[in-house]
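Sequences are here, hints too, so could you generate the full structure?
Chain by chain, the residues:
Protein chains: 2
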Amino acid sequence: MSKRIITISRECGSSGHSIGKEVAQRLNIGFYDKKLIEVASEKSGLDEDFIREYGEYQKPSLLFGLAVDPTFALNTVAGDYVQMSDKIFYLQSEIIREIAESEPCVIVGRCADYILSERNDCLNVFICSDMLSKVEHITSKNGGEQRKVENELKKRDRARAAHYAHYADRKWGAAANYDICLHSGRLGFEKCIEIICNAYKH
Amino acid sequence: MSKRIITISRECGSSGHSIGKEVAQRLNIGFYDKKLIEVASEKSGLDEDFIREYGEYQKPSLLFGLAVDPTFALNTVAGDYVQMSDKIFYLQSEIIREIAESEPCVIVGRCADYILSERNDCLNVFICSDMLSKVEHITSKNGGEQRKVENELKKRDRARAAHYAHYADRKWGAAANYDICLHSGRLGFEKCIEIICNAYKH
Chain G
1 MSKRIITISR ECGSSGHSIG KEVAQRLNIG FYDKKLIEVA SEKSGLDEDF IREYGEYQKP
61 SLLFGLAVDP TFALNTVAGD YVQMSDKIFY LQSEIIREIA ESEPCVIVGR CADYILSERN
121 DCLNVFICSD MLSKVEHITS KNGGEQRKVE NELKKRDRAR AAHYAHYADR KWGAAANYDI
181 CLHSGRLGFE KCIEIICNAY KH
Chain Y
1 MSKRIITISR ECGSSGHSIG KEVAQRLNIG FYDKKLIEVA SEKSGLDEDF IREYGEYQKP
61 SLLFGLAVDP TFALNTVAGD YVQMSDKIFY LQSEIIREIA ESEPCVIVGR CADYILSERN
121 DCLNVFICSD MLSKVEHITS KNGGEQRKVE NELKKRDRAR AAHYAHYADR KWGAAANYDI
181 CLHSGRLGFE KCIEIICNAY KH
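Chains as they are written, first to last, in the numbering used here: chain G, 1 to 202; chain Y, 1 to 202.
Source of the hints: derived by calculation from the structure; they are not laboratory data. Treat each hint with caution, since some may be false.
Because identical chains cannot be distinguished in the list, a pair is counted as satisfied if it fits within a single copy or across any two copies.
Below, simulated DSS-like cross-link-like pairs (lysine-lysine); rule was C-alpha separation at most 30 Å, straight line [claimed, not checked]:
| id | residue 1 | residue 2 |
| --- | --- | --- |
| 1 | K43 | K21 |
| 2 | K171 | K155 |
| 3 | K87 | K35 |
| 4 | K3 | K191 |
Now the structure itself:
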């Protein structure tokens with residue numbers, strides 16, 4: 001059957017975000033990355049940067065959340081104490097479900113593949129790459145020392161994997177969780193876009 | 001660049017073998033699965049069934065190997081003790097390298113992606129699927145009780161993963177180890193073939 005939604009999970013530096021953007025453009029459908037964060041920020045009153053971090057990267061503890069906004073991590077359901085990251089996860093989940101209902105689109109990150117797992121019209125894609133290509137990609141855009149960039153990429157991916165494991169109870173980047181996984185470093189940017197667009201139109 | 005060799009790793013019951021066979025037929029290139037085992041058997045004098053098992057599934061211990069053929073697990077290189085499974089791995093590696101050198105082809109399983117990792121003309125594919133689709137696929141072909149088939153598939157995949165971890169020192173089925181991973185249960189047989197053929201011709 002034809003798909004309606006494309007979710008893109010991606011390693012940092014794998015060009016997964018740009019691939020998703022180009023796919024959405026070619027298919028002429030919506031693209032949700034920053035826009036999703038803007039909506040979550042509007043709904044919650046929380047800072048966008050804060051949602052960006054909390055909505056995709058596992059943080060060490062609740063203390064960090066409380067330090068940022070002591071009024072946020074409150075009882076929300078009859079005596080249940082809901083952590084900051086949980087609250088953001090539930091908020092994002094609600095928004096992602098609304099978006100998926102309203103229009104065909106590409107959604108980047110934020111456990112969208114898991115959140116929409118009850119729908120059968122999603123094409124779930126994972127984009128990865130080798131460290132050399134990822135570091136080159138980042139340093140060519142932003143500069144930076146190779147070793148530091150590599151450490152930062154690893155740290156970010158560990159936090160994404162931990163966030164996914166925590167909320168989806170699945171292994172991030174394990175092939176069996178996605179419809180298609182593509183290695184952008186070996187296949188190239190254009191080939192990844194082509195494969196995703198063709199699979200979507202199937 | 002265009003690829004010359006396709007390696008296919010696959011979960012048991014995911015139709016990876018049939019997909020590989022059909023890809024080879026459409027691309028009009030060689031197909032190595034059983035043929036590889038036949039060559040290994042000819043070269044070593046070992047039974048084909050034995051090579052089939054030892055060449056892709058991790059076995060509990062050396063004792064099993066010795067029980068089957070006490071003369072095989074001997075010193076082979078200046079005092080180095082080489083296990084049965086090691087010997088079969090080295091034998092298969094040699095054959096896989098020779099095949100890759102001699103003709104464009106599809107090679108199924110046997111850590112071929114790892115063995116050929118120094119070549120840059122390989123398209124490394126992993127085929128997976130959900131348990132329900134895999135069990136249905138197997139029982140529709142061979143019959144069998146659903147629960148038993150599921151247990152057997154899990155057991156076989158665990159042994160494949162352990163074999164790959166042992167020899168390739170990599171995680172079997174982790175997206176980053178392959179160029180493309182495809183979920184045959186969600187994409188369908190035909191789509192998987194199409195994606196692989198197109199990526200090969202790229």
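Is it within, between, both, or neither for K3 and K191, if the alpha carbons may be no more than 30 Å apart?
both (19 Å within a copy, 13 Å between copies)
Copy assignment of K87 with K35, given that the CA separation must stay at most 30 Å:
Answer is within: at 19 Å inside a copy they meet the 30 Å cutoff, but 56 Å across does not.
Is it within, between, both, or neither for K171 and K155, if the alpha carbons may be no more than 30 Å apart?
both (16 Å within a copy, 19 Å between copies)
Intra- versus inter-copy proximity for K21 and K43 (alpha-carbon distance at most 30 Å):
For K43 and K21, the Cα distance is within 30 Å only inside one copy (24 Å; across copies 52 Å).
Checked against the numbered hints above, the structure breaks none of them.
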